[in-house]
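Protein chains in written order, with the numbering used here: chain A, 1 to 330; chain B, 1 to 447; chain C, 1 to 409.
Hint data in this document are derived by calculation from the structure and do not stem from the laboratory. A hint or two may mislead.
[As the list claims (entries may be wrong)] Cross-link-like lysine-lysine pairs, in silico, DSS-like; alpha carbons within 30 Å at most:
| no. | chain 1 | residue 1 | chain 2 | residue 2 |
| --- | --- | --- | --- | --- |
| 1 | A | Lys89 | B | Lys444 |
| 2 | B | Lys316 | A | Lys156 |
| 3 | A | Lys105 | C | Lys319 |
| 4 | B | Lys32 | A | Lys81 |
| 5 | A | Lys105 | B | Lys111 |
| 6 | C | Lys150 | B | Lys316 |
| 7 | B | Lys444 | C | Lys319 |
| 8 | B | Lys316 | C | Lys149 |
| 9 | C | Lys149 | A | Lys36 |
| 10 | C | Lys321 | B | Lys444 |
| 11 | C | Lys319 | B | Lys32 |
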Amino acid sequence: MMPDLQQVGEGETQQWAPNITAPVVLLENVSKSYGKIHALSEITLALSGGVTGILGSNGAGKSTLFNLLMGKLKPSSGSIKLFGTDPWKNPAPYARVGFVPEHEKMHDWMTAHGFVSLFARLNGLTREEAKSEADRVLNFVGLTDVAHKQLGRYSKGMRQRVKIAHALVNDPELIVLDEPLQGCDPLARTTIMNVIRELGKMGRTVLVSSHILHEIERITEQIVILHNGRLLALGNLHTIREKMDNIPHTISIGCENPKELAKDIINNDAVYGISFPSGDRLQIQTHNLNAVHRELPALIVANGHKVSSIDNPDDDLESILKYLTGGLAR
Amino acid sequence: MMSPPKKDNVFRALDRKLGAVTEFTMRQYRTKLSTWVILGVGFIAISIVVLFYVDSMQQEIEAIDNDGDSADWDGDGYPTGQERIYGTDPENPESHPGTFTPPIAPDAPEKWINEDDFDWDLAASGDTTAGYDDDGDCRLADSTQSQKDNNRNNIECDIILDYDEMRGEWSEPNSDRLVDEDPDEEKYAKEAIHRAFLLAIGKMGFVFLLGIFLPLFLATGLIREEMDNSTIHFMLAKPIARRDIFLGRIVGYLGIVWPYIIAMGAIVGIISGFAGPGESLFRFADLGMWMAIIFATMLATLVYGMLFCALGTLWKRGIILALPFAAWELGMAILSFNAPTSSILRFSVIGWSLNIIDAASLVVWPNMALFISMGMWGGGYGGGGYGGGGRWDNSLEGAGALSAFASDTGLGISPIATIVVSTLVLLFQAAILWLVGSAIFKGKEIE
Amino acid sequence: MSEDEENSPQPQPQPLAQPQPIAAAPQLPIPTTPQPVQPVQPVQPVQQMQPVQPVQQIQPVQPVQQIHQVATDDVQMATAETPVTGQGRMDTAWGSSEGDEDISEMASIGQTDSGEIFKQNYEPWRGELNPRWMRNWAILRHHILGIFKKGHRPWGVPTRIFLVLVFFASLSDAALTLLSSLIGDSEFHSMWGVNRDNLYGHVLGFFPRNVMYYPIVAALLVGGVISEDRLHGTSALYFSRPINRFDYIGMKYASVAFIQAIIIILTLFLYYLTEIMVYGRGWAWIVDTFPIFLGALMGGILLIITYTSIGLALSSVSKGKFFPGIGLLAIILGTKTLAIIVKNLFDREILYLLSPYDCLAHVGQTLVRTQPTYDQYSWTWSLASLIVMNAIALYVLSSRVSSMEVTRE
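Isolated chain A (complex conformation) (with noise of 0.2 Å):
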């Protein structure tokens, strides 16, 4: 009952060690309802390391998501645990966590340099160490110039970044960013992909919510995709668009003469269509990518077609989402 006067991690948050062999995020079947509206419906995953996008559209359940992991919501069943532990009324693995909320609203009286050293002292640091630490993520960032001004006066790609920076200030092993490049400027938003990136390179666990979709694709290929507060799809971006036989895939080639390497490849088996867009390129539909990729490069050279550019132009996101939102009954 009494504060916790050390202030090092007894009382509420207990001597903490955390479980180094569990998942550093694990949901187990969580889901959460609010009266009829269901924001989550049975929810397993497993998070370690790297950079992993959560990406749904408005309303799939991403904020309800981090909300749960950071202990603000409790599942209406299922589990969660932040490295081994529950997080509901329980803060201890937030000493190992960092999170970027939302919303843009901060303390405007603050400075940045003061608001990232106040709340790194919640983090148990001391005075010195926290001005410390909030010089160096400051600088992380890329905003020791602008460090001793008000937050009122940032701009909104400034406040995401001191956001970040905040998040950074205790080493953290996993790093919550739940939009972050919203509303940002565009060198802001390169800034943070970088920052993104370069955190997953160090072997951080990243997670980042988005519901643009080449966002994501610029900074990670390990993507989970909510919608309607269910879990569609999981893993790596390509991969997912591999075992969705049933789409054809497009592969569009650049050349001299489409005509005569139409010819050539229409007798392939994988292929089931081919269209000519304009006069120097040609679209070929396959269900099969794989055989495709390997068999077209033999075709090209044997046969000394010209050809400028291979691309697979609906290996992307959006085609990914339409086809698994648009394919599953309502």
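Since chain A is already given, all that's left is putting chains B and C on it; use the hints.
Only chains B and C this time, still in chain A's reference frame:
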């Protein structure tokens, strides 16, 4: 990970999580305009009352000749009182002390106003008689023993004072005729008004108005405003227990409110110490009273702060719940004036805080009840003067006000024990409210 | 196929990378090069896009000329050379006090040196703006109907319930008059029927009306009226339309005052009417008591005006929903408490001049000619104090609203 903590002493340890929340809260208060507005309004309100007090302390209170013996009834130039002393006939113009050898000069009428003041110092607790006839119109009068002993206690020219243990108050003084019948109005009134002012401003001004309104405006939003602004997420995503966040916010709030109360109490205490009546330059005894007032207000703001913060956390419209609670406390405050022993008061916060002040008043002014009864008796003739109006209300000026604001502690134990018990109860209430509030906060799902 | 879809989200960690052992003291690399600053070359990307072809299909010249021809009609229009200015739009929005002018402006088509300005075709609105009173009536209606109808300003449920309760509580003296006629007790009637003191008491009596009912009604009504517009930035809904700021305050003021008037003044009328009808009072009686009734009516109107002014001034200063209401209660009841304390201690009534309720009561007592309870100073001081209080409140209100920015502050 992090470098090992260096030289961890108590201050460093406290400076971390809880201390950071506290420091943040205090700095946040400083930046908000509403804080300054509220503190300023409190200061102005108290200052207005203090100004009235200082003004009334400077005023002259009219001296009334209660027994009428400064008048010259027979027109011989000698006041009646003087004639009585010397045994001449006050109604016979021929008979006056000027006819004595040597002739005695006539007294100025003022000598016979307020000439027989109260002499009621009951040294031992068993004493029941008091009073001394200063002007001698009882002692030196030419009358029989039974005429001098109207109250039949075989002591001439005295007053019987009887403390009724059952009802806990002094019964009506039973005085022999013409004893202490012409008291000094100004002296009594100033003392009574001074004491009434201290009690009124201490109880109503500090404990009730400041004690409720400061937490109402400053503490209700401690957690709630952060939740509404979504800025609480920065605090919640850290390894700090929500109970400690709650406590840290409250301590930050106290760090603003308590120095304010101490400063206000000190200022008003010093002013009243200098402006108060009495022979000495500064009334040092009253400082005990002021310490009690400050202490009671500090405890009240602590308990109310915890309560209103918990209400704010519980419900978005929590401040609405605070209003009926404030009304309840007002009712309890009024009840404590009128019926201090009622046990309903135990179920309020303000009852205990007012107990501290009442107990202190009994320590600082041990003769309070007697003093009030003195004023209400008023010498028997009272404020109306001899033959004047107010036959049913003989009280001196100030006695009514004082009796309205003073009250007993109602616990039936000694004042010091009352203070200790009340303090413990208030701290206990604060602790319970802290636990309840932090439990509410801990279980709260915040989007 | 469908099974495949349901099976695809399987919680297998296979596609995920293996958890890397965390290094002992990983340092965040300090970027030496300013990575975020990528040199942006805006010019070239434009060339890679091929927007030219679609644009060429638009031939904007002719439509403009058509508009020019129409423009020569009675409607005042800016010519093609006059650019659209913000000043012009502002004048349209709130400069005009009549508001019925049909001012339409046109976008200009011009070529400047630094590039082509896109051609805008603006069709002027040729309808008739409805009169100002109609627009104001819409605002008033929106606020008043919100008390009991959906689709209008949503007053909170506790507010509505309390208003209904207070309405019926204010009718208590009418009900008691009715009762007294039913039981035929003349003493009862002299206590509760219409007379000087009761008419005064209906409007300005301290307990219970002016302690529990009317100040709290005012506080509940005044709470979010302007402050929520400041908080959510919804004042833009008003000011982006041809509505004056004066009309904006005026109608909000009128709506709050009207609701209070229903509770205070309407019930006064009903009380008076009840007495007339139930006791069959004739014209002689009415002529006798009407001046008193008028006095009480004016007292009630003064009460409503004062509470509304102070309350709205507080609402325009704060952003919260409850602070204005609680501030109003604190002012009304707090100043009264302070004045009572000073009166009891020092027997000085001068502090009553700071308390709105006491000033209103004093003036009301003079209007109705009941026994004045404030005998240390004349009623003109109370009236002067009331005027000063209202003036300060209205000044604060008007300056805050006229400087209110039409965004989320």
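Check the hint pairing Lys105/A with Lys111/B against an upper bound of 30 Å on the C-alpha distance. Between Lys105/A and Lys111/B the Cα gap is close to 78 Å, so the pair fails against 30 Å, i.e. violated.
Would you check the hint for Lys316/B and Lys149/C, treating anything up to 30 Å between C-alpha atoms as holding? holds (24 Å)
Checking one constraint from the list: CA of Lys105/A to CA of Lys319/C, max 30 Å. Satisfied? holds (16 Å)
Proposed proximity, Lys319/C with Lys444/B (alpha carbon, max 30 Å): Distance ~25 Å between Lys444/B and Lys319/C Cα, so the pair holds.
So if I understand the rule, the pair passes when the alpha-carbon distance is 30 Å or less; does Lys32/B with Lys81/A pass? Between Lys32/B and Lys81/A the Cα gap is close to 39 Å, so the pair fails against 30 Å, i.e. violated.
Would the pair Lys89/A and Lys444/B pass a check requiring their Cα atoms to be no farther apart than 30 Å? holds (10 Å)
Taking 30 Å as the top limit, are the C-alpha atoms of Lys150/C and Lys316/B close enough? Given pair Lys150/C, Lys316/B holds - Cα atoms ~23 Å apart, limit 30 Å.
Taking only the CA atoms, is the gap from Lys321/C to Lys444/B under or equal to 30 Å? holds (22 Å)
Sort out whether Lys32/B lies within 30 Å of Lys319/C, counting only the CA atoms. Within the cut-off at roughly 13 Å; holds.
Does the alpha-carbon distance linking Lys316/B and Lys156/A stay inside the 30 Å limit? holds (29 Å)
Holds or violated: Lys149/C with Lys36/A, Cα cutoff 30 Å? holds (27 Å)
Consistency note: the structure conflicts with the earlier hints numbered 4, 5.
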